[in-house]
Amino acid sequence: MKVVGARIPRYDGTAHVTGRTTYVDDVRVPGTLWTKALRSPHHHAAITKLDTSKAEAMEGVHAVITWKDVPLLEYGHLAALGIPADEPLLAKDEVRYLGQPIALVAAENEDLAAEAVSRIEVGFEERPALFDVRQAFDAEAPEIHHEGNWYKHFEEEMDRRQIRKGDIKWAFDNADTIVQGVYRPAAIEHAPIETQVCQVVPEANGRLTIYSCTQALYFSMGVVAAHLQVPLNKLKVVGGTTGGGFGGKVDTATETMCSLLAMKSGRPVKWRWTREEEFLCSSTRAPWHMEIADAVTKDGWILGRKMLTLHDSGAYSRFSPYGLTKHSFHHTGAYTIPNLEFDGYVVYTNRTPTTAMRGFGVTSVSFAVETHMSRIADVLGLDPIEIRLKNANRIGDTSPNGIVYTDPSTVLTIQTMAETTGHELPADYRTMTSEPRSGDLLPEHLVAQLGNPEEH
Amino acid sequence: MNLTVNGVTHEIDSSPLTPLLDVLREELGITGAKAGCHQGGCGACTVLIDGEPRRSCLMPVGYADGGEIMTVEGLGTLDDLSPIQQAFIHHYAAQCGFCTSGMLLAGQAYIDHGGTDDEEAIQNALAGHVCRCTGYSKIIDAVAATARGDSFDLTETAVGKHTTMATGGAE
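Chains as they are written, first to last, in the numbering used here: chain A, 604 to 1059; chain B, 76 to 246.
Far from chain B, by Cβ distances over 12 Å, these chain A residues were calculated:
1) Arg730
2) Lys772
3) Ile781
4) Leu820
Some chain A residues close to chain B (C-beta under 8 Å, calculated; not the full set):
5) Thr624
6) Asp629
7) Gly846
Cβ-to-Cβ under 7 Å is the rule here; a few derived chain A residues that face chain B:
8) Gly616
9) His619
10) Val620
11) Gly622
12) Ala794
13) Pro795
14) Ile796
15) Glu797
16) Gly847
17) Arg878
Treat the hints as calculated values from the structure; they're not laboratory data. Note that CB positions come from ideal geometry on N, CA and C, so glycine has one too.
Given the sequences, and given the hints that come with them, work out the whole structure.
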């Protein structure tokens, strides 16, 4: 035990307090061009015209790129997992969210790049836009995505993430009461103090050096190589220093476009988003819509749960199918519910594409589950801590996706919380452990899920 | 125009309306002050001008003409860290580090003006400095420790000397 309980100095502490840490914005490369983007002013529109000739003709403008300059226009963030691409690097025929990039300019300075962007001629034909995930899921909602309003490519080409466990009909037939709730956490912008930023240097040996603020260097490397259609050995990605990310720097927001500008201009290129762009155009944590109906007994057992989750993916799928999958595995929280019927959908809206943020997919369901546990206690007139302890995961219990818990800490965690907050518990709850269920805590409905003890 | 930055005087070529932040970073290559918002909203660009904390992103360089400017690079060196730098390391007050230079300089100005370890007074002194890693309590602890004159042995990796989460919170 050299580390646990020890005071370990931060390896980057001294650099941080002396201003020595080199963030991407601090990289100095002589001759660097600055970048500005033409972004969609509409939430949803067809692009009817795109003419960059006046911008290209300006003195001091060294490269302008549109979708025509991208060797592989669509590449999915989760392509490595076989999830199909649905998002163009630069908008081609349509825009699906406010701020979606359409064209980029690299020029001698930022002001000139902004001036060049203003000279790009672009036309739109506005389309109806959707901003609420529940509304977008309605059968009557206008279609805003070419494959319909929700993602269709879970395993076996399913249109939802589905979990079925035990006998949900039995649970609802045998319940004393049904407790329902709807939970809708809103979007959150990560808002790191360092905005999205990238610097790309075309090297004499034909490689690109990419200084990136990414949280996911190898993800970004693969995404850039795929769009550019170059082997990985043509890219040297320098990362590891991020001025705050919180999940918002997992998506590859800038590296590919900067690389294309560097290749086209033959010059080092830098793109630093403004604070306004960071708020308006960067990905956010998703808004969610969760409906829970629990079959409960009057003494506080949860016999079964039906749950519908709508995960607002924003305009494109990106990492959302992965986030929803994690969400589905956690939809009973830290509690054992043997009979489950879960349906989760990744739904498109015209919001900024959503992404990871600190516990991707799980924080939303934790909020819903914990609020719902307290609601059940309220409805039944039971103690909210005792009902949690009663249903808490124990050794030998199984998760929604069938994983057997071997070392759950729920009981200890809740007991500690009760003690810390001065919440009085009866003796049998105070002395409860995580050991396999028995006696009063192993009612008939939980016996079946324990299966063969040999497996534990 | 002339600026004295961390004791070195520079002749400035940029136009007087250029933000001081851009002059420091782009003309002089002194990158300790960070561009977090360019709107005066986050505090990451804070420098000291004649001892007063100022948002360099909102200050035209002409207003600082002839002034004595201190950036984080002027606080101390790798071999000779200033007390507030040592306190930030000891108290883990820098996480991603992007807000740190602004926090350090605002904290230094507070102490130079006779600030004490009073938590509310420190909060007021650091108001408007955003730490999105939300490490505020550690930052406030570090400024308070500096105000008290606490000393630290930063070379020590003390096993077992400090309480852990499991036994009841940070030290």
